[in-house]
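*Asks:* Given next are the chains, with one letter for each unit.
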Amino acid sequence: MNLLDIVLAIPLIGFMVLLLAPRASHAAIRGLALGFSLAAFVASLGLAFQFQTNAPGEQFVTDLVWIVSPNIHYHVALDGLSLWLVILSTLLTPICVLVSWQSIQKRIKEFFAFLLLLEFGLTGVFAAQDLFLFYVFWEVSLVPMYFLIGIWGHERRIYAALKFFLYTFAASVLMLTAIIYIYNHAGTFNYSEILAMISSGRLSFGRNEMLLFLAFFVAFAVKVPLFPLHTWLPDAHVEAPTAGSIMLASVMLKMGTYGLVRFCLPMFPGAARACAPWIAVLAIIGIIYGALVAMVQPNMKKLVAYSSVSHLGFVVLGIFSFTQIGMDGAVYQMLNHGISTGALFLLVGYLYDRRHSLAIADYGGVAAAAPWLSTIFLVTTLASIGLPTLNNYVGEFLVLQGAALANFRWAVFASIGVILSACYMLWLYQRVFYGETHDQVRDHVFDLKPREWAAVAPLIVMMVWMGMYSQSFLPVVGKTTARILDQTQVNVQFQVHGAPGVSTEVARAR
Amino acid sequence: MPVNVAPAGIEYVRFLPEIILIVTGTLLMVLDVMLRDRAPQAYGHISIVALLGAMAASVIANSSPGPAFSNLMVVDGFATFFRVLVTGVGVLTVLSSYRFLQREGAEAGEFHALLLFSVAGQCVMVSANELIMIFIGLEISSISSYVLAGYLRDDKRANEAALKYFLLGSFATAFFLYGIAVVYGMTGYTSLTAIRAALSAGPSTPPPVFIGVAAALMFVGLGFKVSGAPFQIWAPDVYQGAPTPVTGFMATGAKAAAFAIFLRIFMTAFEPISGEWWPLVWASALMSMTIGNFAALTQSNIKRLLAYSSIAHAGYVLVALAARSQVGTAAAMFYLAAYALMNLGAFAVVAHLSGKGERFLSVDDFAGLAERQPLTAALLSIFLLSLIGVPLTGGFFGKFYIFKAALDSHLVWLTVLGLLNSAVAAYYYLRILVVMYFREPAEAAPQLEPLSAGLRAALVIPAVGTLLLGIFPAWVLDFAGKSSVFVR
Chain L
1 MNLLDIVLAI PLIGFMVLLL APRASHAAIR GLALGFSLAA FVASLGLAFQ FQTNAPGEQF
61 VTDLVWIVSP NIHYHVALDG LSLWLVILST LLTPICVLVS WQSIQKRIKE FFAFLLLLEF
121 GLTGVFAAQD LFLFYVFWEV SLVPMYFLIG IWGHERRIYA ALKFFLYTFA ASVLMLTAII
181 YIYNHAGTFN YSEILAMISS GRLSFGRNEM LLFLAFFVAF AVKVPLFPLH TWLPDAHVEA
241 PTAGSIMLAS VMLKMGTYGL VRFCLPMFPG AARACAPWIA VLAIIGIIYG ALVAMVQPNM
301 KKLVAYSSVS HLGFVVLGIF SFTQIGMDGA VYQMLNHGIS TGALFLLVGY LYDRRHSLAI
361 ADYGGVAAAA PWLSTIFLVT TLASIGLPTL NNYVGEFLVL QGAALANFRW AVFASIGVIL
421 SACYMLWLYQ RVFYGETHDQ VRDHVFDLKP REWAAVAPLI VMMVWMGMYS QSFLPVVGKT
481 TARILDQTQV NVQFQVHGAP GVSTEVARAR
Chain H
1 MPVNVAPAGI EYVRFLPEII LIVTGTLLMV LDVMLRDRAP QAYGHISIVA LLGAMAASVI
61 ANSSPGPAFS NLMVVDGFAT FFRVLVTGVG VLTVLSSYRF LQREGAEAGE FHALLLFSVA
121 GQCVMVSANE LIMIFIGLEI SSISSYVLAG YLRDDKRANE AALKYFLLGS FATAFFLYGI
181 AVVYGMTGYT SLTAIRAALS AGPSTPPPVF IGVAAALMFV GLGFKVSGAP FQIWAPDVYQ
241 GAPTPVTGFM ATGAKAAAFA IFLRIFMTAF EPISGEWWPL VWASALMSMT IGNFAALTQS
301 NIKRLLAYSS IAHAGYVLVA LAARSQVGTA AAMFYLAAYA LMNLGAFAVV AHLSGKGERF
361 LSVDDFAGLA ERQPLTAALL SIFLLSLIGV PLTGGFFGKF YIFKAALDSH LVWLTVLGLL
421 NSAVAAYYYL RILVVMYFRE PAEAAPQLEP LSAGLRAALV IPAVGTLLLG IFPAWVLDFA
481 GKSSVFVR
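These protein sequence lines map, in sequence, to chains L and H.
Okay, so the first sequence: first residue is 1 according to the numbering used here, each after it adds one.
Okay, so the second sequence: first residue is 1 according to the numbering used here, each after it adds one.
FYI, nobody ran anything at the bench for these hints, they're computed from the structure.
Treat the hints with caution; some may be incorrect.
[To be verified] Under 10 Å between C-beta atoms, here's a sample of chain H residues computed to sit facing chain L: (1) 370; (2) 407; (3) 457.
[Stated by the list, open to error] No farther apart than 25 Å at their CA atoms in a straight line, the calculated lysine to any residue pairs in the SDA-like style are these: (4) 106(L) / 30(L); (5) 482(H) / 163(L); (6) 356(H) / 452(H); (7) 163(L) / 102(H); (8) 482(H) / 70(L).
The structure presented is a predicted model; accordingly, all values stated were derived computationally and were not measured.
A virtual CB, placed ideally from N, CA and C, is assigned to each residue, including glycine.
Start from the sequences and build out the full structure, keeping to the hints where you can.
*Replies:* Right under this line is the structure:
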């Protein structure tokens, strides 16, 4: 039982405790939820301190037999990729608890129970080292999110919840087929053993590699979401309660990109390289399309949702550039997007709590009514559009650099997205915060309360920290991405198109 | 064949579960005169004791496995697994029927006597090793359930259900019997092991066409019993019309027993010609899954919905049979156990909510259940998530093992189509969750009665079982794996 197991166990215990708690004692339920989520966060900070940057391989390994036949293990561990994503999940959960403190008024017990169950599923997804266990966590995280959207969401919540569940579920059954197929050939679900077998040539999927790759890829691409599989996302985001939007945008979308890096690339390198140009094109379409659609949205949450499509396009582009720099940038961008888009949804949620509207037209002149809220929103907006010294800048720069190394035209088109993001975000800011102050706004929109400060402050600190001193985070990430890139060099059966050849040199050069 | 005229004592031990059930069933009919007005609950108590006794006797019998009565029956792990399963289904059916019968004013000894006879017939089926014996078990079980389906004799729909079930069931049994006759005519045997030997005996094998015809006839009969497509037409009407606890019983116990003989006949007697019959099973599996799931999408009556879902689930088990391997047999066994638990739970909830005269059977009648009765809603959610196949429930591991077995046997397309089917199925199960959790209760919603003790047990036991199968599947799977080797 090491620290990672404790981080995983705390939310699960919290979930069970909350289920047993008496329904009427609201204060106690909120307190318990905050206590458990903070405990998980503190424990996960311990992970960061104890993590050996220079040690090879996974750390905090626990490998216990769960089921003998088929050979399924409870096998969890962390590397540089999953470490920060686990901490991201544990950081955002207490923030979500704080955000929902007052805004959730019905069925409080179930709400916080589902939030903790969601945290358990998410941390599990990032920590699992056994393909089967990964699938279990993947699906388990689906159920609480379904209820969060469906019970506590806005008007069209039922439609959004169903669409969200069915999209993800349908895509992931294909992944299950692929996982079983791999098990039948490899005889194990153990991730590192499978990788070792592939790189030593003992395991080869032959012609089926492409099909297996696609089975995994579609499951992840729906989750990311990659254009044209993104249509569930605006619905789910807009209809979800604030906490649901935050968890969905900040962590759940990362499950998809994490899966691409963790499974698609190293396990099916040949197919991944063969498909890379196509996927990069889809990613670029997503970047530009997402930005253009965001620009014309009359609804703030929908705008932020489409901006996510755009931002996640950068992540996918970075991953499929097959360069060390692009990959590092993609991973960093996952974290950045988690922080800054999480903060955006949180702030939009604050506005909604006050004015009870998401329509941009209902606002105007908020800056006069609530100066601190406006300042914080401005910082977040600037972070989101990639202002230097704030976090997104670092990630986007690395991704664009990686994309340029792979294929210069990709970088040119993708950078259009950066410009567009400045347009729609600043325009949003202008319409909501400047201009004449409506009476409705003056009467209802008050400034941040201490509890709200507590929720948003950590995110602002992280934006500045990650923008100013990325060296706290990147070296650990780089070790892992380098290993994954090495793995993609083996056993390439498909024709490699010109560009990735360059990436090989880049990878070696670092 | 040598005929052992005087059975040894141990053979009676191997037959003990059936003896207990038949004797108690007969006793209940006699006691009816004394108990009817004084202690109507006593029938249920006696039945539960008898069923638990039969379950214990099955376990005891398993400690001395072997044939009985001149090889007519055999006690092996397979038989024991299904005996425990069908008696367990019987117990849960009785538990969920206490309140139901009281509400309908229909407490009588016949109900429980017929239930015990039906379970006894299923026990005979699963432990028979010979076609005539299988047929006798099938008839005992079927005829009892025809009557049970029409047990509420003042209810029009129940009458329709019983008549339909009886007519079509008789046809199916006739097909099955005809198949037996052809096999006997071609090989001269009715014992499964002897037929297998005759079919794999090289040059002197009987003409394959006739054996194929016999297998096809039996396939028709059994396909009807398990409600696999294209012989599934009866299921929705019968499931809808029959009293809810009986529907649960037919959808789980009767189906499990029918699958048990399906597996035993096709994996022993007809195993040598498995290359011939598996495309049939393949097609039937795909049709059952597709028809069941797509038809369920549009249902608004919860019992019809569960009926179509039960057709789809029969399809999943047929996938395991199409794999025609030992792993496939074990997967089918596991799935049937998981399916019995989750489906019985779901039907128990329906029995609880339907109200007197089964008036509230629309999916919309579940609106706001999460607020009206949180515990019932939570338990039903577990069953529904398991029926969808979400991890950490028994239904997930059941599907996982079945499709793993199918991939082992290189049935890639059937696996892909089957899993996509399960994604379609998610929609209609989720619809029930939506109504329970996301809708407010209707204003005219009837006052729900609190869960009675019997129903509470009939809900909590399957829920715990479903979760246990989902977290520690190895307990059941190991036994299924060991028992999937048939006596040949």
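*Asks:* Next step is simple, just say for each hint if it's right about the structure.
*Replies:* Right, here's what the structure says about each hint:
The criterion of a C-beta within 10 Å of any C-beta in chain L is met by residue 370(H), whose closest approach is roughly 8 Å, and the hint holds. The criterion of a C-beta within 10 Å of any C-beta in chain L is met by residue 407(H), whose closest approach is roughly 5 Å, and the hint holds. Because the beta carbon of residue 457(H) sits about 20 Å from the nearest beta carbon in chain L, more than 10 Å, this interface hint is broken. Only pairs whose Cα atoms come within 25 Å are accepted, and residue 106(L) paired with residue 30(L) is accepted, the gap being roughly 13 Å.
For a cut-off of 25 Å, the pair hint linking residue 482(H) to residue 163(L) is broken: about 42 Å separates their Cα positions. Distance hint between residue 356(H) and residue 452(H) is fulfilled; the C-alpha atoms sit about 15 Å from each other, no more than 25 Å. Between residue 163(L) and residue 102(H) the alpha-carbon distance is near 42 Å, which puts this suggested pair outside the 25 Å criterion. Our distance criterion of 25 Å between C-alpha atoms is met by residue 482(H) and residue 70(L), whose separation comes to about 14 Å.
Hint check: violations occur at hints 3, 5 and 7; the rest are consistent with the structure.
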